[in-house]
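Chain by chain, the residues run as shown.
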Amino acid sequence: MGAFADEAWRRLQSNPAAIAALCVMCAILALTWFGPWISPNDAQTLDWLHLAAPPGRQSAHWFGTDRLGRDLFVRTLAGTRVSLAIGLAASAVSLLVGVTYGAIAGYVGGRTDHLMMRLIEILSGLPLIFFVIVLTVVFGRGEYLLFFAIGAVGWLTMARIVRGQTLSVRRREFVEAAIASGATTGRIIFRHVVPNVIGPVIVYATLTVPQIILFESFLSFLGLGVQEPGASLGTLISEGAAEMEAAPWILLVPGGALALLLLCLNIFGDGLRDALDVRDGAP
Amino acid sequence: MIRYFFTRLASAIPALLIIVTATFFLMRAAPGGPFDQEQTLPPEIMANLQRAYGLDQPIWTQYGRYLKSLLHGDFGPSFKYKDFTVTELIGQGFPVSLQLGVMAMALALIAGILLGTFAALHRNSMADYATMSLAMVGIAIPVFVVLPFLGILFGVYLHWLPVAGWESGSIRHRALPVIALALPPLAYIARLTRAGMLEVLRSDFIRTAFAKGLPLRTLMWRHALRPALTPVAGYLVPAVASIMTGSLVVESIAGIPGIGRYLVQGALNRDYTLVLGMVVVYSTLLIGLGLLVDLLYAWLDPRVRH
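Heads up: the protein sequence lines correspond to chains X and U, in order. Under our numbering, the first sequence has 57 at position 57, and the numbering climbs by one with no breaks. Under our numbering, the second sequence has 79 at position 79, and the numbering climbs by one with no breaks.
Quick caveat, the hints were computed from the structure, so don't treat them as lab data. No residue lacks a Cβ here, since even glycine has one placed at the ideal position from N, Cα and C. It cannot be assumed that every hint is accurate.
Claimed, not checked - So, partial list: chain U residues that the calculated Cβ filter (under 7 angstroms) puts toward chain X:
1. L26
2. T245
3. P257
4. V264
5. L268
6. V275
7. V281
8. Y282
Stated by the list, open to error - Just so you have them, the derived chain U footprint on chain X, three or more residues with Cβ under 8 angstroms:
9. 219-233
10. 240-246
My request is simple: use the sequences and hints to build the entire structure.
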């Protein structure tokens, strides 16, 4: 595994776009973490003297303020933090569900596998975004629902990939050895199979995060996701879109942040996929 | 072929039934009813309302009735847009959404295939890198960021195009929403076409055709394009799904009176029948389309049928 990781890291380094994306991502992370200490403003304070003030280096608000006089720089950082947190948490949920589901289906095989894959087939034929919208109508809107709903959407591809990998791993000698030494099925799946399919899992987890952030901000943009006073990037963008003719920066700042974040995550994920040489049929 | 059609149909219908059933019962399980207002209604009026909408019946009766009326194309009354049935709202909005979606899909297909082919022919040149970087941007940046950005650029600063609105027959009003909506599938199609094209260009029959001295144009159009587009055919349904999803925000941002906006409004107003109806319409479209694409595949490639 060590040599494999070294090789992958070496290949990743020869991809300048992926490395640049990684650096920008780290910079964004550092900013969301330390941003509150850099800027004198905080996200909720209303500055009545500077309502919808344009950005400028002279003013106290580097990226301007929104309609209520809240500092956009700090608000965008806070929104990025919310978006990232939801993205990572929901990815973790989908990772957990997908890996477990896929490993069980692939290892147990037979009729169980057939049934489990049939379910995935049906689910992936459904327009899940509409289902999530229905869920928000039924259960009201809030962050916890978002985890559940988005996690429920995100695991399908992961399960498919893990199953495919498991199918090839379960014929290997170390699995046979584990069976011969009397390990239980659960132990074999989680101690022997899962660690050996981790490469593709990492790649897909990386590619899932931007999808989920996109999904979350989409819902928040429509007013179905994160609710006031909390704000994710989607919420901020929808506020900005309402004011774009009079005060375009209210849109441009969070919109640019989301675009940059998603772009970096995608470029890095693609680079990682090439470095680990995982094929999935996607270009 | 006919047998294949029926097996596929047999799996499409349960999927649709699952959606309708799950959505129906979820809606009924929701806390709070559609008539909850800030001021509580007198119980007699509430009872009358419930009776008028059939909500006093047992849930299974309601479900049976809903399914039966669905078969007649009747989605029931809208709870919030009084005086309108959901069927009427769909009838108003659907042609608009359909027009928007078809235009976006056509743009995505044509431009995506052209760009992908172009990039494959100039592999590893600056033009290739530029096209693929653009494709990455198109895939990564969401529609609801792209459309307002385009609006600020072409509407607010340059004054070339209107930012919102949907006057009938006006191409200028359609330009920005259609471009924004088409961008993600366009970018993905360009990548798929490039990858498929590179694969085909390496194959023996292309090398033979090239050695034979066929002009490049004939080679590309007559020989390479069709096999290179197989992955694109597989992406058709996800592309339509992406355009449907995108149309929710595009219609909301640009103020286009289509069904996407009704779905969002219905979700915000908790208008049960409206959301239910919209979900049924979208799902039917998507599943029907999936069926169609599968049939297309089976027709193109006989191996699929078995």
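Each hint, compared with the structure:
1. L26: Holds: closest Cβ of chain X sits about 5 angstroms from U:L26, inside 7 angstroms.
2. T245: Where the cut-off is 7 angstroms and the nearest Cβ of chain X is about 5 angstroms from U:T245, the hint holds.
3. P257: 17 angstroms, violated
4. V264: 5 angstroms, holds
5. L268: Check passed: Cβ of U:L268 comes within 6 angstroms of chain X, closer than 7 angstroms.
6. V275: Status holds, d = 6 angstroms.
7. V281: 10 angstroms, violated
8. Y282: Since the shortest Cβ distance to chain X is 6 angstroms, the answer is holds.
9. 219-233: holds (count 4)
10. 240-246: holds (count 4)
The earlier numbered hints that this structure contradicts are 3, 7.
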